[in-house]
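The primary structure of each chain is shown beneath.
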Amino acid sequence: MQYALGLSGDAAIMFAITVALGVAGILALAMALAWPKRWRLRYRMEIGFVVLLLGLVIYADVNSSRTYQAYEANLPEPAALSGTKGFDAKRAGFDRAVRVYAFQWGFIFFDESGKASRNAVKVAPGEKVLFNIMSNDVIHGFNIPAAQLTTELEPGGVSSIWIRAPDTPGKYLIQCLNYCGLGHAQMKAWLVVEGAARQEG
Amino acid sequence: MAGTTTARLEETRGPDWKPEDLLGRLTLGELLFSNDYRVIALKTILTSLVMLALGGLFALTFRTELAAPGIQFLGARPYLGLLTLHGMIMVFGFLIPIVIAICYYMLPGSLKTGALHWAGAAQASYWLLVAAALLLIIARPDFTWTVYTPMSLRVGGSLVWMGYVAVLLVAVSEFLAGLVLLRNVFAWKGRWSGMPLMGWGMFSEALLLLLSTPLLGAVGLFLLTDWLGATALFDPVRGGSTTAFLWMFWFYGHPAVYLPLVPAIAILYTLLPRFLGRPLWSYVSGVVAFLLLLVLSFVVFHHHFQPVVSKHSWVQRAFQILTLLIFIPSTLHVFNWIASLWQDRIPASARAALPFKFMMGAIFFLILGGVTGYLNAQISVDSSFIHNTYWIPAHFHAMFLGFVGQMAVAGIYYLYPYFTGRLYDERLGNAHFWLWQLGIFAKVMLMYALGYAYFPRWVVDYLPLAEWTTAQWWLTVAAYAIGLGFILFIANLALSARRGAKAPDDPWPVSDVEADFGKAAAPAAK
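The listed protein sequences derive, respectively, from chains D and X. Heads up: the first sequence begins at 33 in my numbering, then just goes up one per residue. Heads up: the second sequence begins at 12 in my numbering, then just goes up one per residue.
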């Protein structure tokens with residue numbers, strides 16, 4: 033969970049289960065077609081298979097819920113975010129809080145002092161950053177691949193996500209993932225990681 | 012369960028139809044307006060193939076644009092217009108009607124009713140769909156098939172209203188098709204416990220259509236009235252709600268993804284025992300899987316927009332569990348087919364038959380696409396690399412083209428002698444088969460890889476990242492392979508209708524089943 037959600041740890045196990053199920057299914061089909069030995073399956077085998085699938089369903093639900101609940105536990109209550117003016121990021125456990133307006137077709141980022149920057153936001157390496165994101169026109173998406181995180185924005189609402197900024201300085205893509213009109217492909221911004229790394233403690 | 016036993020024996024019997032040159036003896040008037048179920052099926056299949064050609068041509072055009080980053084020859088407006096037409100025409104004009112049409116043909120034979128009841132409603136359903144397709148092509152809206160508001164109210168130019176009307180017409184057309192199917196299922200005279208799986212499939216399909224399409228109709232109607240300014244239900248600037256839109260649209264939208272899937276499954280259940288010359292492994296398992304799929308398909312739609320909330324409540328968790336559960340009935344179908352294949356030797360006649368090959372390819376892609384449903388359902392993973400990246404088109408192209416499209420092709424090759432009185436060309440058919448398997452496999456796997464690399468959907472241009480550009484180029488090559496396979500398919504259908512060998516009375520004899528049964532009779536599963 034270095035970068036919030038993402039394909040590591042439990043999610044990687046889920047990925048492996050999915051691949052294993054797919055390979056097992058395809059192998060079973062290939063063997064049924066090519067292997068000379070015939071095999072009469074029984075209902076109890078199917079019941080056993082369903083029990084296995086139910087176990088995988090429970091495992092996936094518990095795992096996914098535990099992952100996103102642990103992630104969401106770091107998010108402030110929505111009421112605390114209204115407008116985010118006066119919101120104390122440090123007290124809420126973040127190094128930085130950024131207000132984001134998504135529009136057709138770009139992003140504007142406001143830092144805590146109200147300074148705006150279009151399609152780029154600067155953070156320090158390793159910082160824990162809270163994004164409070166709003167759309168004032170249509171449904172947009174907000175995705176940071178380096179943070180392995182996506183949210184969808186309804187007009188008029190506030191969506192909040194937090195990330196741990198990458199440790200390596202550089203420019204990281206931010207993109208809209210929801211079709212929002214003709215300029216959707218151009219709706220990109222950059223997470224600019226620069227400066228001194230965040231000091232622990 | 013005497014009825015069940017009867018159904019199991021019926022599964023293996025050959026069809027009641029005889030090969031005939033139906034296509035050759037029909038006048039244009041008869042083809043367009045006859046209420047004979049065979050003609051309605053033929054007409055709808057031919058129209059759906061035209062839609063497939065159009066949808067495929069649109070796809071090849073924008074795929075060529077996407078072969079390299081930057082704008083090559085299409086601007087954003089034509090690109091998104093083609094993308095919208097591709098999605099809508101493929102789903103509403105090809106996938107759903109073609110498998111329903113094949114079932115229109117098979118249902119009266121399977122249920123021993125001899126005719127399609129309420130054929131007039133089937134005609135109306137067909138013509139409304141044609142009207143909807145024409146309106147869409149004239150309007151060329153750029154709001155994609157999901158018509159998300161308020162975006163869809165602010166795009167598309169002065170003709171965009173035709174797009175909303177088309178959505179409404181599609182809903183009415185599909186509702187009528189649901190009525191026709193339900194009426195014909197109720198025409199079954201035997202016990203329901205003995206009704207062929209084609210009947211159970213059509214029962215599920217009818218309820219899916221009848222219960223979901225009113226919401227699509229309402230979406231089309233309210234889009235129109237919102238656009239005209241008479242209402243403001245979906246526009247938040249004027250007091251409307253995008254949440255209401257999302258819930259209404261996806262209440263149709265998720266069952267809708269099963270609308271092509273369920274008839275394709277029913278066709279597979281109908282054809283498999285006929286090629287194998289023995290009953291399916293389990294009738295009961297098939298019925299249970301159909302009913303579970305029907306019930307669960309109405310209660311999973313929220314996963315289409317689950318990252319829209321910052322803090323997930325019990326509502327999202329309930330949808331997560333239900334979405335995970337729908338994995339099970341789909342798996343039961345696959346389990347049943349593989350168990351049917353495994354329980355005894357596969358006749359050489361089946362192995363040589365092109366429809367059987369396409370059926371096996373279809374099962375392969377159902378596994379390849381369906382298995383990722385397990386990941387897609389999980390909010391934590393969906394909020395990472397899945398939601399609205401190319402992972403999603405990979406999933407549904409495997410399901411739609413890999414499974415439904417290939418089952419439609421299997422059904423067409425199977426019915427070909429009954430429509431033309433002739434046999435198709437084997438060599439052309441095999442070339443089509445391999446081009447499609449390789450092309451679709453490459454397409455699906457490359458889309459999965461691009462999704463995993465966070466390539467966004469619906470973009471005409473993209474950054475020249477190494478992990479994106481190479482995959483996009485090969486994806487375009489794969490699309491052309493599929494296109495070439497389609498050309499061979501159509502050429503085969505057209506040329507063989509005149510030059511193909513005359514079909515024998517039973518075009519699908521089972522070659523060595525007696526010898527196989529002699530070695531190991533297959534009792535019902537216990």
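Calculated from the structure, these hints are not laboratory results. Treat the hints loosely; a few may be bogus.
With a straight-line cut-off of 25 Å between C-alpha atoms, the simulated PhoX-like cross-links for lysine-lysine are [unchecked claim]:
| # | chain 1 | residue 1 | chain 2 | residue 2 |
| --- | --- | --- | --- | --- |
| 1 | D | Lys220 | D | Lys203 |
| 2 | X | Lys368 | D | Lys160 |
| 3 | X | Lys29 | X | Lys200 |
| 4 | X | Lys513 | D | Lys122 |
| 5 | D | Lys69 | X | Lys368 |
| 6 | D | Lys147 | D | Lys122 |
| 7 | X | Lys513 | X | Lys29 |
| 8 | D | Lys122 | D | Lys69 |
| 9 | D | Lys220 | D | Lys154 |
Item to check | Violations among the numbered hints | outcome: 2, 4, 8
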